[in-house]
Amino acid sequence: MNLAFLQDFGPIGILVLGAAACSWLDLGQARGDWGRRAPSRWVALAALLLAFLASIGFWHSSFGPNPPDVEHGSFLIDRFALFFYAVGLAAAGAVVLCGADAEVEVAPHTGVYHALLLMATAGVLFTASAADLISLAVGLALTSLPLAIAQGLSKTNLTALRTATRSLTLGGALLLAFIGGEAIVAGLSGTTSLSSIARQSLPVDPLMGLAALLLVVGALGQLGVFPFGGWRALELERTPLAAGTARTVLPALAAMAALLRLLPGALGAMPQDWTVTVSVVAALTLVVAPILALRERRLLRAVQLLVVAQVALCLLDLLDVSKPATASLLYLLLSLVPIAAATLGLWGALRGAGEEDTKVALRGLWARTPWLAGMLALLVAAAAGLPPLAGFFVRIFSVEAALRAGFGWLALVALVSGVVGVLVAYRWVMVIFDARVDGPEIVLPGRVALVGVVLCGVSFLGFVVAMGPLLGIATRAALPPLFGP
Amino acid sequence: MPTDISLTLIVFVPAVGALLVLGLPVDTDLQRFRVRTTALFATLIPLLIAIFDVLGEVGSPSQGALAQPALNAPWLRHFFLQLDYHLGTDGLNLMLLFAVTAVFPALILASWRQRERYRTYFAMVLLVEVSLTGAFATQDLLLFLVFFALPVVPLSVLVAAGGSGAGRRVLISQSLSSAALLAAILLMLLRTGNVTFDFLTLGTNNPVKGAPALIVAVLLLFAFASRMAIFPLHRWLVEGVSSAPTPVGMLLTIASLPVGAYGLVRVLLNMDPLASLQLVRPLLALALVALFWGALAARGSRDPRRIVGFALVAITGPVLLGVISFSETSISGALGLAFAYVFFAPLLVLTVGALCDRAGRRQLTDLAGAAAGAPRLRLLFALGVAGLLGVPLLAGFPGLFQLLLGSFVAHRYVTSLTCLGLLLLTASLWRLLGAIFWTGPKAELQLAIADSHGSEFYAGWIMAGMLIVFGFSAGYFVPYTVHGTDLVAARVSSYAPPPAPAPKGTHK
Numbered sequence: 000m001n002l003a004f005l006q007d008f009g010p011i012g013i014l015v016l017g018a019a020a021c022s023w024l025d026l027g028q029a030r031g032d033w034g035r036r037a038p039s040r041w042v043a044l045a046a047l048l049l050a051f052l053a054s055i056g057f058w059h060s061s062f063g064p065n066p067p068d069v070e071h072g073s074f075l076i077d078r079f080a081l082f083f084y085a086v087g088l089a090a091a092g093a094v095v096l097c098g099a100d101a102e103v104e105v106a107p108h109t110g111v112y113h114a115l116l117l118m119a120t121a122g123v124l125f126t127a128s129a130a131d132l133i134s135l136a137v138g139l140a141l142t143s144l145p146l147a148i149a150q151g152l153s154k155t156n157l158t159a160l161r162t163a164t165r166s167l168t169l170g171g172a173l174l175l176a177f178i179g180g181e182a183i184v185a186g187l188s189g190t191t192s193l194s195s196i197a198r199q200s201l202p203v204d205p206l207m208g209l210a211a212l213l214l215v216v217g218a219l220g221q222l223g224v225f226p227f228g229g230w231r232a233l234e235l236e237r238t239p240l241a242a243g244t245a246r247t248v249l250p251a252l253a254a255m256a257a258l259l260r261l262l263p264g265a266l267g268a269m270p271q272d273w274t275v276t277v278s279v280v281a282a283l284t285l286v287v288a289p290i291l292a293l294r295e296r297r298l299l300r301a302v303q304l305l306v307v308a309q310v311a312l313c314l315l316d317l318l319d320v321s322k323p324a325t326a327s328l329l330y331l332l333l334s335l336v337p338i339a340a341a342t343l344g345l346w347g348a349l350r351g352a353g354e355e356d357t358k359v360a361l362r363g364l365w366a367r368t369p370w371l372a373g374m375l376a377l378l379v380a381a382a383a384g385l386p387p388l389a390g391f392f393v394r395i396f397s398v399e400a401a402l403r404a405g406f407g408w409l410a411l412v413a414l415v416s417g418v419v420g421v422l423v424a425y426r427w428v429m430v431i432f433d434a435r436v437d438g439p440e441i442v443l444p445g446r447v448a449l450v451g452v453v454l455c456g457v458s459f460l461g462f463v464v465a466m467g468p469l470l471g472i473a474t475r476a477a478l479p480p481l482f483g484p
Numbered sequence: 000m001p002t003d004i005s006l007t008l009i010v011f012v013p014a015v016g017a018l019l020v021l022g023l024p025v026d027t028d029l030q031r032f033r034v035r036t037t038a039l040f041a042t043l044i045p046l047l048i049a050i051f052d053v054l055g056e057v058g059s060p061s062q063g064a065l066a067q068p069a070l071n072a073p074w075l076r077h078f079f080l081q082l083d084y085h086l087g088t089d090g091l092n093l094m095l096l097f098a099v100t101a102v103f104p105a106l107i108l109a110s111w112r113q114r115e116r117y118r119t120y121f122a123m124v125l126l127v128e129v130s131l132t133g134a135f136a137t138q139d140l141l142l143f144l145v146f147f148a149l150p151v152v153p154l155s156v157l158v159a160a161g162g163s164g165a166g167r168r169v170l171i172s173q174s175l176s177s178a179a180l181l182a183a184i185l186l187m188l189l190r191t192g193n194v195t196f197d198f199l200t201l202g203t204n205n206p207v208k209g210a211p212a213l214i215v216a217v218l219l220l221f222a223f224a225s226r227m228a229i230f231p232l233h234r235w236l237v238e239g240v241s242s243a244p245t246p247v248g249m250l251l252t253i254a255s256l257p258v259g260a261y262g263l264v265r266v267l268l269n270m271d272p273l274a275s276l277q278l279v280r281p282l283l284a285l286a287l288v289a290l291f292w293g294a295l296a297a298r299g300s301r302d303p304r305r306i307v308g309f310a311l312v313a314i315t316g317p318v319l320l321g322v323i324s325f326s327e328t329s330i331s332g333a334l335g336l337a338f339a340y341v342f343f344a345p346l347l348v349l350t351v352g353a354l355c356d357r358a359g360r361r362q363l364t365d366l367a368g369a370a371a372g373a374p375r376l377r378l379l380f381a382l383g384v385a386g387l388l389g390v391p392l393l394a395g396f397p398g399l400f401q402l403l404l405g406s407f408v409a410h411r412y413v414t415s416l417t418c419l420g421l422l423l424l425t426a427s428l429w430r431l432l433g434a435i436f437w438t439g440p441k442a443e444l445q446l447a448i449a450d451s452h453g454s455e456f457y458a459g460w461i462m463a464g465m466l467i468v469f470g471f472s473a474g475y476f477v478p479y480t481v482h483g484t485d486l487v488a489a490r491v492s493s494y495a496p497p498p499a500p501a502p503k504g505t506h507k
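If you read the sequences in order, they're chains A and B. Going by numbering that gives the first Met the number 0, the first residue of the first sequence is number 0, and it counts up by one from there. Going by numbering that gives the first Met the number 0, the first residue of the second sequence is number 0, and it counts up by one from there.
Since the hints were made in silico from the structure, they are not lab data. Just to be clear, a hint being listed does not mean it is correct.
Taking lysine to any residue and the SDA-like style, the derived pairs with C-alpha atoms no more than 25 Å apart in a straight line are [claimed, not checked]:
id, chain 1, residue 1, chain 2, residue 2
1, A, K322, A, K154
2, A, K358, A, V287
3, A, K154, A, L26
4, A, K322, B, D197
5, A, K322, A, S194
6, A, K358, B, R168
7, B, K208, A, G405
8, A, K154, A, A140
9, A, K358, B, T195
10, A, K358, B, L21
11, A, K322, B, Q81
12, A, K322, B, L21
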């Protein structure tokens with residue numbers, strides 16, 4: 000009996016097993032067997048760690064440089080996929096750690112929440128490995144649907160339930176659009192295999208433009224770009240925080256993996272079909288998100304919108320079908336993970352303390368809780384991409400990619416958007432460091448969440464110091480076979 | 000000779016100091032004293048190292064021509080671009096680097112009476128020092144961009160935190176300036192495919208040609224002119240100096256002209272000499288307008304702080320003239336004046352700020368004779384003005400003298416007009432000097448301004464002392480700077496059109 004598939008699906012299998020264990024533990028948690036402890040958290044972390052180690056092991060194995068044809072070409076464990084494995088697993092781990100304080104919002108179903116989180120992470124891994132139109136759609140569904148369900152775990156909160164239902168509906172609609180686009184591509188090319196599509200020279204057909212539009216809208220909606228950025232911020236605020244954050248991070252990773260496989264990968268030979276759509280969406284997001292952030296009176300919503308603006312920079316990288324641009328995009332995604340996770344940790348602490356994140360509530364925070372204020376200021380700076388943090392370099396790379404792709408106007412928009420982002424950061428830093436207001440001290444995040452937040456804070460600078468090696472890894476991950484016309 | 004570790008220490012010891020400061024408690028007077036002394040030590044260590052570097056380097060002027068061996072570690076390779084952690088000193092940057100390290104202890108002393116936000120204030124000041132020393136020490140354009148953009152938010156926060164509305168103006172103008180520099184770099188990268196941004200490589204291989212070169216030059220010019228606060232991009236400096244707390248105003252001046260002037264020479268002239276030559280005429284006009292406009296605005300203003308601000312805007316004109324005259328002497332003079340600016344500009348802000356703060360008044364007429372009972376303040380202000388106007392035996396003199404000498408050869412009429420503008424500026428400052436510092440007190444005003452003392456006195460004398468020391472020892476360090484400008488000037492002159500042949504029949 001050939002059991003090689005067990006090795007192929009090792010990391011995903013570990014996550015599925017972890018999810019099963021968390022579900023089982025949830026029964027005990029619901030009965031109160033574990034008291035206030037949340038053993039499912041540690042099981043989830045252990046599963047993520049094991050899957051991470053297994054992925055790292057693949058990197059040096061024969062899978063990496065020469066990916067074998069796994070499962071009849073529909074599933075590929077190349078270095079590109081392994082990069083997403085690592086980032087997806089690290090992101091999920093950061094969400095579990097930083098969301099420790101926010102778990103109360105899904106109590107007593109903490110175990111179910113962790114199980115759904117692990118399933119969504121498995122979805123990210125599946126999407127990253129997908130080398131077929133069908134498996135791409137399955138991966139995206141596997142990522143977004145469990146998290147939409149997790150958002151509805153706060154059963155007594157009617158607003159949360161309504162928002163979760165809308166989120167589920169919206170996610171489903173976007174998925175449908177994506178599948179519609181895939182169907183047209185499959186119909187025109189006569190195959191669902193991405194590598195076969197890439198090898199064909201498809202005829203010029205207006206339907207291909209429609210397919211590109213559907214694919215781009217379907218995938219980019221998951222990323223929270225225009226016009227879904229405001230919705231994402233609202234969703235994060237109204238639903239359980241940890242689930243909302245995971246809903247922001249993990250589907251974005253999966254969607255970006257899918258877009259990379261599809262656009263520069265399979266359709267890289269005909270960029271004229273999709274680059275205009277991508278550039279328009281990118282420009283709208285780059286303009287709207289920072290302006291909304293500038294008008295925002297709640298800090299963490301503003302951070303969320305700044306993150307959306309950074310996600311739009313990914314689209315600039317997408318326009319240039321080249322290895323450095325793809326590597327830059329991968330590095331950008333990596334740098335966004337700690338920002339999202341730190342937002343979760345700090346917001347969780349504020350919510351847990353019954354505090355608001357409005358300007359009035361945070362005015363003069365520096366005098367009351369210096370460490371929290373410092374971390375919030377660092378978070379805003381990272382989200383706005385102030386030098387010398389990773390976001391600053393990421394903007395340079397993305398603008399360069401847009402220029403190389405011949406989108407000079409978009410590069411200009413990205414630069415102006417960066418200046419507006421700096422203005423947002425400045426406004427909030429001024430609020431936090433206002434000395435005219437004093438008040439009671441705000442408690443710091445709990446011990447587990449604090450560890451997560453501190454790790455995220457260290458990675459803000461660490462990603463810059465280690466930029467060379469990280470981009471080296473990203474460059475190796477951006478290797479063919481699926482890339483480039 | 001600067002070693003790898005010495006320049007890294009100069010740049011990053013203040014960053015360590017900032018972190019330490021942020022971690023210290025500030026509940027009691029003793030604890031607040033510790034915060035201040037920690038910040039002071041974090042600025043003194045780079046100064047001591049810089050003194051050794053200067054003493055080791057300046058004695059051999061020929062070493063100024065090329066960046067001395069320093070740390071050059073690859074940071075980012077095999078990508079769109081290469082980024083190196085490359086620090087090094089040569090004739091262009093060593094003296095400016097030293098000046099920045101020398102003025103920051105004075106700035107900390109001037110901030111000794113800071114009442115609020117001890118930790119953030121000193122941490123941000125130290126962060127600005129990191130950015131300035133980093134900008135001068137780096138030999139890589141991308142790293143220069145990082146250090147160029149780094150002080151924008153701290154400076155804006157410091158200005159705004161003092162209750163001034165100028166913070167946003169500082170933020171927007173300087174963010175746009177950084178964005179322009181970034182755009183220029185990216186355009187250069189796009190047009191050439193040149194992946195390295197090492198200053199030496201960029202200087203030897205002219206990367207961009209044709210119309211794009213002109214666009215790059217205009218973007219660079221906007222970036223550095225805005226940082227220098229040249230007319231019409233000067234309002235952030237004037238508003239900042241006139242409305243921010245005195246030490247923050249001092250900090251703004253240190254972060255303005257020296258970095259901008261250095262950027263013009265190091266980046267614009269070095270990399271884009273042909274476009275610089277094409278832009279000479281508009282730039283000459285700009286230099287004259289900046290000087291006359293600044294001098295006239297200083298003459299017309301009634302607020303002593305604004306008068307100083309406009310005087311500092313006026314002096315950007317001669318510096319620009321020196322840079323675009325393209326000779327070793329004039330460029331060296333421009334950098335020499337920028338060097339002196341690091342001392343006289345904050346000194347002027349300190350003395351005028353001290354006077355206005357103590358009197359609680361901002362109008363020249365209300366302050367008439369206010370400094371009659373403050374001889375120390377009077378002397379410090381006079382030294383600052385003398386430094387600005389290039390009075391012999393002060394540090395401003397060698398710079399201004401070389402600048403005018405070098406510029407006269409290339410643009411005699413413009414240089415003559417510049418001399419006229421400097422006379423106008425002298426008259427404007429004389430009005431301030433006469434009205435407040437030399438006039439006797441009016442009985443009806445009954446102003447009793449306390450003289451400079453304690454930390455403020457020491458801060459003033461550090462800057463005044465530097466002006467005097469470097470005025471006397473000009474012969475020792477000027478050749479080093481002149482050698483530093485050799486390559487840049489030679490590079491520009493290699494692109495200059497050959498002189499037209501003399502018509503036949505003319506006498507030889």
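### Task
Provide an ascending list of the numbers of those earlier hints which the structure does not satisfy.
1, 9 and 12
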